[in-house]
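Number of protein chains: 2
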Amino acid sequence: MKKINVGLLGCGTIGTGVAKILIENKDILLSRVGAVLNLKYVADIDLETERGIPFDDGVFISDAFKVVDDPDIDIVVEMIGGEGIAKDLILRAFDNGKPVVLLAGHGNTLFKTAGENDVDLAFEASVGGCMPIIKSLRESLVGNHIKSMAGILNGTCNYILSRSAKDGSSFEDVLAEAQKNGFAEADPTLDIEGIDTAHKLAILTSLAYGMEINFQDIYIEGISKITPMDIEFAREFGYRIKLLAITKDTGDAVEARVHPTMIPFTNPLSSVNGVLNAVTITGDAVGDMMLYGYGAGMMPTASAVVGDIVDIARNLLAGAESRIPLLSYQMDRIRKIPIRRIDEIFIHYYFRFSALDRPGVLSKISGILGNNEISIKSVQQKGRKTNGAVPIVMLTHLAREADVQKALTEILNLDVVSDRPVLIRIEDENQED
Amino acid sequence: MKKINVGLLGCGTIGTGVAKILIENKDILLSRVGAVLNLKYVADIDLETERGIPFDDGVFISDAFKVVDDPDIDIVVEMIGGEGIAKDLILRAFDNGKPVVLLAGHGNTLFKTAGENDVDLAFEASVGGCMPIIKSLRESLVGNHIKSMAGILNGTCNYILSRSAKDGSSFEDVLAEAQKNGFAEADPTLDIEGIDTAHKLAILTSLAYGMEINFQDIYIEGISKITPMDIEFAREFGYRIKLLAITKDTGDAVEARVHPTMIPFTNPLSSVNGVLNAVTITGDAVGDMMLYGYGAGMMPTASAVVGDIVDIARNLLAGAESRIPLLSYQMDRIRKIPIRRIDEIFIHYYFRFSALDRPGVLSKISGILGNNEISIKSVQQKGRKTNGAVPIVMLTHLAREADVQKALTEILNLDVVSDRPVLIRIEDENQED
Chain A
3 MKKINVGLLG CGTIGTGVAK ILIENKDILL SRVGAVLNLK YVADIDLETE RGIPFDDGVF
63 ISDAFKVVDD PDIDIVVEMI GGEGIAKDLI LRAFDNGKPV VLLAGHGNTL FKTAGENDVD
123 LAFEASVGGC MPIIKSLRES LVGNHIKSMA GILNGTCNYI LSRSAKDGSS FEDVLAEAQK
183 NGFAEADPTL DIEGIDTAHK LAILTSLAYG MEINFQDIYI EGISKITPMD IEFAREFGYR
243 IKLLAITKDT GDAVEARVHP TMIPFTNPLS SVNGVLNAVT ITGDAVGDMM LYGYGAGMMP
303 TASAVVGDIV DIARNLLAGA ESRIPLLSYQ MDRIRKIPIR RIDEIFIHYY FRFSALDRPG
363 VLSKISGILG NNEISIKSVQ QKGRKTNGAV PIVMLTHLAR EADVQKALTE ILNLDVVSDR
423 PVLIRIEDEN QED
Chain B
3 MKKINVGLLG CGTIGTGVAK ILIENKDILL SRVGAVLNLK YVADIDLETE RGIPFDDGVF
63 ISDAFKVVDD PDIDIVVEMI GGEGIAKDLI LRAFDNGKPV VLLAGHGNTL FKTAGENDVD
123 LAFEASVGGC MPIIKSLRES LVGNHIKSMA GILNGTCNYI LSRSAKDGSS FEDVLAEAQK
183 NGFAEADPTL DIEGIDTAHK LAILTSLAYG MEINFQDIYI EGISKITPMD IEFAREFGYR
243 IKLLAITKDT GDAVEARVHP TMIPFTNPLS SVNGVLNAVT ITGDAVGDMM LYGYGAGMMP
303 TASAVVGDIV DIARNLLAGA ESRIPLLSYQ MDRIRKIPIR RIDEIFIHYY FRFSALDRPG
363 VLSKISGILG NNEISIKSVQ QKGRKTNGAV PIVMLTHLAR EADVQKALTE ILNLDVVSDR
423 PVLIRIEDEN QED
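Protein chains in written order, with the numbering used here: chain A, 3 to 435; chain B, 3 to 435.
These are calculated hints, taken from the structure and not from any lab test. Watch out, some of these pointers could steer you wrong.
No distinction is drawn between identical chains; accordingly, a pair holds when it is met within one copy or between any pair of copies.
Unchecked claim - Under the rule of at most 25 Å between Cα atoms (straight-line distance), these lysine-lysine pairs were calculated in the DSS-like manner:
#: 1; residue 1: 338; residue 2: 28
#: 2; residue 1: 68; residue 2: 4
#: 3; residue 1: 227; residue 2: 168
#: 4; residue 1: 384; residue 2: 114
#: 5; residue 1: 4; residue 2: 114
#: 6; residue 1: 149; residue 2: 408
#: 7; residue 1: 4; residue 2: 227
#: 8; residue 1: 149; residue 2: 28
#: 9; residue 1: 149; residue 2: 22
#: 10; residue 1: 379; residue 2: 408
#: 11; residue 1: 68; residue 2: 5
#: 12; residue 1: 338; residue 2: 366
#: 13; residue 1: 149; residue 2: 338
#: 14; residue 1: 114; residue 2: 338
The model shown is predicted, which means the values in this text are computed figures rather than measured ones.
Work the whole structure out from these sequences, hints included.
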């Protein structure tokens with residue numbers, strides 16, 4: 003019986019899930035892979051907490067370096083995460099010629115080192131949890147020019163926005179509840195400010211376009227300023243608000259941005275609710291395709307990790323390491339492609355102004371918009387007063403972000419406008435101009 | 003520069019799409035694969051019709067056997083289809099040790115022959131067009147016990163049902179329109195009677211459970227009897243009607259059935275409209291996952307075929323043929339698993355009876371149901387009369403199909419029931435009993 007020895011680093015939530023699958027589904031894995039995936043070591047600093055897994059004697063150890071240095075270990079599965087010891091362990095595994103499965107992307111350096119060492123590095127779980135988005139980009143869609151992708155990639159944000167849309171709860175209330183239920187971290191900044199989503203977008207953009215990406219070039223805006231009022235007005239226009247990761251090929255550059263986005267009910271992403279994730283991919287051949295599933299959680303994430311382990315095991319069994327380039331493109335084809343500055347993008351906008359209920363207000367606002375080349379598609383003055391002001395909501399035709407920012411600053415300076423205007427970008431494939 | 007020679011058999015719609023991608027996206031394929039995918043031959047009996055592709059001299063030929071016999075051809079792409087010459091060509095390619103990409107499954111024989119010849123056989127395009135459902139089952143979800151799958155796998159049926167749901171048009175009217183627009187065949191039987199869907203379900207079931215499948219054991223019911231009235235009543239209960247391919251692991255057997263199915267609005271399949279396809283997969287680790295995209299059409303289907311070509315090319319380049327077992331399981335693990343007879347399944351039902359509007363009718367109907375162990379969850383007598391009869395609609399708790407069929411036959415014999423009762427099965431994960 004052929005055997006592949008797996009060494010697992012880190013037995014936290016996801017690591018435990020991976021161990022569970024390898025042990026509990028051992029037989030189905032054997033019947034599909036044709037070799038035993040033997041969990042030789044599981045290393046963790048905490049050997050006390052009960053994981054509910056019947057490890058054989060000598061499997062559960064505290065010394066992670068013993069794992070990456072053991073000549074019998076065929077595949078290293080790094081589930082510790084972070085930039086500290088995890089990175090040292092991965093580099094040592096590469097030095098020892100061992101392929102590695104990762105939980106997170108770890109940026110350009112690791113990809114390069116793996117490529118130079120000619121070892122496999124797999125990271126399906128790093129974007130969209132269980133769903134095969136990385137495999138789709140590297141394999142299934144390999145014949146396509148990717149025109150664009152849009153993803154709901156953070157379950158915390160999607161849970162908050164879905165709850166607000168369902169019952170009108172405020173951001174703060176839903177966040178507090180999500181924290182209580184364990185759907186949000188105690189410090190939720192990385193999630194709600196869009197940073198986690200942007201890290202995932204960086205990986206997808208790299209894979210789609212074969213590019214090195216500077217994370218700082220990605221425009222990032224979180225969901226903390228989204229109010230139930232805007233969610234309700236969006237609904238009246240036929241839109242839902244989602245935190246989207248968006249990338250588009252614009253010919254000479256690539257867009258890569260994360261922000262709350264209004265999408266029409268007809269967009270299948272609009273009905274992705276709760277902690278679920280989804281990605282739509284538009285390719286020149288495939289048209290629109292969508293993947294949908296759990297973007298986090300012990301077992302869905304572990305499912306993706308085990309998929310990676312099997313991919314690498316099959317490569318080892320066939321003597322076919324580095325069968326697929328890590329970043330979807332051959333290393334010598336990875337280029338620096340500029341990311342378009344947010345100022346330069348053209349898009350549709352939703353604005354909400356808090357204006358005093360006086361004659362001439364709309365004329366002043368629309369005058370400034372017109373002077374800045376922004377043309378209005380529809381305007382509605384909503385009846386409800388907040389702090390003595392009336393909300394005026396507008397949808398625009400295509401406008402340039404720099405013009406919009408300039409106009410909004412001018413409008414904010416009007417004495418009839420009482421509060422910072424709200425801006426939400428719209429992605430609506432049904433709108434031409 | 004490394005080169006892989008591709009021989010394409012059949013230059014109809016999909017074949018033309020494949021040739022287009024290989025030629026027009028040559029550079030992006032090179033940068034991803036690290037080798038030229040050279041379209042050496044395209045064989046078709048019709049060399050006259052303009053395909054809009056600038057083939058080099060000597061590429062476009064009429065002799066398909068020249069392609070499969072050429073020692074320089076590395077991969078054969080069979081886009082002719084059917085059981086005639088296509089099968090002869092495939093077997094000859096296997097004899098010559100060449101891997102083959104297929105458009106349709108061709109049943110158990112071909113899988114066995116490919117396995118015995120130790121050559122790759124790929125067929126991603128045979129189910130769900132562009133979407134990577136076969137790759138997901140063979141690779142991404144390899145660590146999961148598949149608990150169930152449900153798919154919308156026929157664009158013609160989904161177009162007809164979506165149009166009826168949208169505007170109340172009858173089956174006959176929408177079918178006629180679909181035929182006019184080219185969304186339905188002149189003889190639509192294979193599509194609308196569910197046979198095409200069942201062929202796809204057979205492939206998915208084989209891959210999920212590692213089983214040889216007898217096509218005749220799949221229960222098949224098409225959409226030709228679905229009326230706008232039932233679509234409307236379904237909507238009032240919170241359901242949509244879709245033609246679903248369903249497979250479930252029931253422990254000692256597997257369910258495999260194709261029939262019109264009511265699913266709740268909360269099921270993401272319910273919002274898959276028009277010619278789009280989608281599959282939900284429920285695994286013990288992954289939870290619920292969905293793939294969604296175009297299930298047919300020149301370019302989406304060709305995208306899947308090119309994904310297969312590249313998979314095989316990468317195997318050839320790495321010397322890793324037969325890296326993944328054809329049917330997801332190692333050949334010696336493929337078993338005969340019984341398919342549960344439709345009579346034996348337990349499910350929820352929607353019934354519509356055409357009953358005379360007289361006292362005591364409901365008592366007679368519900369008496370027969372009760373005598374057959376079928377308990378009613380809700381009943382509504384609808385006001386509208388058709389042919390002097392009034393529709394009575396019912397939803398049941400879980401009931402056994404054999405009991406239901408027996409009860410409906412008894413009910414049809416009642417003199418107060420004027421027409422064959424309508425039965426539509428319900429898949430509602432929110433209903434427990």
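Unsatisfied constraints (hint numbers, rising): 4, 6, 7 and 12
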